[in-house]
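J.: Listed here are the chains, written in short residue letters.
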Amino acid sequence: MNRLFALRNHNSGYFGGYALLTLWALWLCSGSGALAQSAASPSNANAPFSTRVTHLLGLPNTKPNCNGTLSIQDSVLQFQPNGKPGVQVNMASVLNLSLGDETKQVGGLPMKLGKAAAPYGGGRVVSLIAHKKYDTLTLEYVDSNGGVHGAIFQLEKGQGELVRNELVARGVSSSSGEDQPTKQSTSEVTHEDK
Amino acid sequence: MKTSKPSSWTFCVAASITIAVALSVQLAGQTAAVQPSGGSGGSGTQWSLQVERIDPGNLNLAHSFQVAIYENLLEELNKTRQFKQVFRERDSNAGGIPDLLILKTMVVKYTPGSETQRAVTTVSGATKLMVRSQLITRDGKIVFDRTVQGNVRFFGSNLRATHNLARNIAKVIKQSNVATVRASYRDTQTPTLNAAGTQ
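Those protein sequence lines, which keep their order, are chains A and B.
Position one of the first sequence corresponds to residue 1 (the numbering used here), numbered consecutively onward.
Position one of the second sequence corresponds to residue 195 (the numbering used here), numbered consecutively onward.
Read the hints as simulated data drawn from the structure, not as lab findings.
One or more of the hints may lead you astray.
Listed next, the in silico DSS-like pairs over lysine-lysine satisfying Cα-Cα at most 25 angstroms (straight line) [unchecked claim]:
no. : chain 1 : residue 1 : chain 2 : residue 2
1   : A       : 63        : B       : 303
2   : A       : 84        : A       : 112
3   : A       : 63        : A       : 132
4   : B       : 298       : B       : 368
5   : A       : 132       : A       : 115
6   : B       : 322       : A       : 133
7   : A       : 63        : A       : 157
8   : A       : 104       : A       : 63
9   : B       : 322       : A       : 112
10  : A       : 63        : B       : 273
11  : B       : 368       : B       : 278
12  : A       : 132       : B       : 322
13  : B       : 278       : B       : 298
14  : B       : 368       : A       : 104
15  : B       : 322       : B       : 303
16  : B       : 278       : A       : 104
My request is simple: use the sequences and hints to build the entire structure.
T.: Structure follows, in structure tokens:
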């Protein structure tokens with residue numbers, strides 16, 4: 001042992017090793033703390049929750065494809081577009097909730113124009129890598145007259161599960177199965193007339 | 195002599211402005227007179243419509259697609275101005291409306307697509323939807339029955355297919371002039387438009 005210490009002192013590696021060990025211990029503690037937080041968050045039903053989403057369609061007086069904040073507080077789900085008044089949905093009026101995922105091309109119109117202008121089909125190669133996966137959250141709810149509304153939100157990958165857990169923890173019923181992703185398939189799905 | 199030229203010039207300009215203003219007022223009056231009759235679809239009565247939620251049948255259609263078709267249908271049917279009011283499913287206000295048609299939409303065929311595949315190959319990856327749309331009276335008579343399709347082949351996300359489908363359904367309903375047919379149906383008690391056609 002003494003020989004070992006002597007060897008480490010000789011190589012000036014003892015303090016470096018100790019520092020590494022301390023850093024590893026700190027990282028382990030912070031990691032386990034974060035894990036405990038994420039596991040505990042859905043169970044805390046009264047804590048406010050908010051996340052950045054894109055409203056795809058459905059909410060009244062809200063433009064499609066607008067970004068905003070989806071927040072859940074007490075028994076109200078609120079979508080607030082950037083700098084505009086928000087739309088509120090009461091949890092009790094939510095009929096159904098489902099989660100899905102979607103792959104979309106990124107970059108919008110400028111990227112499309114760039115891809116179209118790229119020579120030798122270079123734009124197609126860019127399309128292979130210029131896509132991103134999103135979660136979609138679909139809600140069905142009723143208004144004050146009983147009319148059924150639907151709303152679809154697009155969230156960052158992985159956020160959909162968190163929002164769904166929050167809503168389920170507050171008493172919203174989730175659909176039995178997952179919202180089926182629109183996977184590419186060569187075979188057509190056909191349903192004959194009933 | 196020199197002073198009379200500017201005064202005649204001014205008179206001409208004033209006269210032309212007066213004529214232009216008079217014409218524009220007359221045209222505006224004509225437009226205002228035409229607008230109210232344009233929305234009725236040629237019938238004396240405007241019918242109301244209740245849109246039901248999408249029936250996916252046995253197909254594995256994503257819930258987001260069903261909701262998107264439903265919401266887009268409501269928007270596009272409102273745009274056509276063929277109907278006096280467009281109600282949502284379960285809307286309590288629709289209960290007291292005497293002339294109400296119910297729009298049922300059943301998904302017949304669905305081909306899932308991929309935006310990435312469309313962007314890379316151009317020719318494949320299309321998302322296709324085919325639905326059967328029926329307009330039904332309160333007493334269960336079918337006055338409109340068509341199969342309509344909507345798809346996205348080149349640009350746009352997969353949900354764009356639902357928008358195209360809803361637009362096509364609204365277009366077909368508008369072209370069929372179902373309000374007039376419904377009025378004649380009510381008079382004769384024999385439906386004249388009940389053919390399952392394919393667009």
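J.: What's the verdict on residue 132 of chain A and residue 322 of chain B, does the C-alpha distance respect the 25 angstroms limit or exceed it?
T.: holds, 22 angstroms
J.: Checking one constraint from the list: CA of residue 278 of chain B to CA of residue 298 of chain B, max 25 angstroms. Satisfied?
T.: holds, 18 angstroms
J.: Does residue 63 of chain A lie within 25 angstroms of residue 104 of chain A when you go C-alpha to C-alpha?
T.: holds, 19 angstroms
J.: Need the status of pair residue 368 of chain B, residue 278 of chain B: alpha-carbon distance at most 25 angstroms?
T.: Given pair residue 368 of chain B, residue 278 of chain B holds - Cα atoms ~13 angstroms apart, limit 25 angstroms.
J.: Against the 25 angstroms threshold, does the CA-CA distance of residue 298 of chain B and residue 368 of chain B hold or violate the hint?
T.: holds, 16 angstroms
J.: Quickly compare the C-alpha distance for residue 63 of chain A and residue 132 of chain A to 25 angstroms and report which way the hint goes.
T.: At roughly 23 angstroms apart (the allowed maximum being 25 angstroms), residue 132 of chain A and residue 63 of chain A satisfy the hint.
J.: Does the structure keep residue 63 of chain A and residue 157 of chain A at a Cα separation of 25 angstroms or less?
T.: Holds - the C-alpha atoms of residue 157 of chain A and residue 63 of chain A are around 22 angstroms apart, at most 25 angstroms.
J.: Between the alpha carbons of residue 132 of chain A and residue 115 of chain A, is the straight-line distance 25 angstroms or under?
T.: Judged against 25 angstroms, a Cα distance of about 16 angstroms means the pair holds.
J.: Can you confirm whether the C-alpha distance between residue 63 of chain A and residue 303 of chain B stays at or below 25 angstroms?
T.: violated, 30 angstroms
J.: CA of residue 322 of chain B to CA of residue 303 of chain B, is that 25 angstroms or under?
T.: holds, 8 angstroms
J.: Would the pair residue 322 of chain B and residue 112 of chain A pass a check requiring their Cα atoms to be no farther apart than 25 angstroms?
T.: Distance ~22 angstroms between residue 322 of chain B and residue 112 of chain A Cα, so the pair holds.
J.: Holds or violated: are the alpha carbons of residue 63 of chain A and residue 273 of chain B at most 25 angstroms from each other?
T.: Status holds; Cα separation ~16 angstroms.
Hints 1, 2, 14, 16, counting from the list given before, are not met by this structure.
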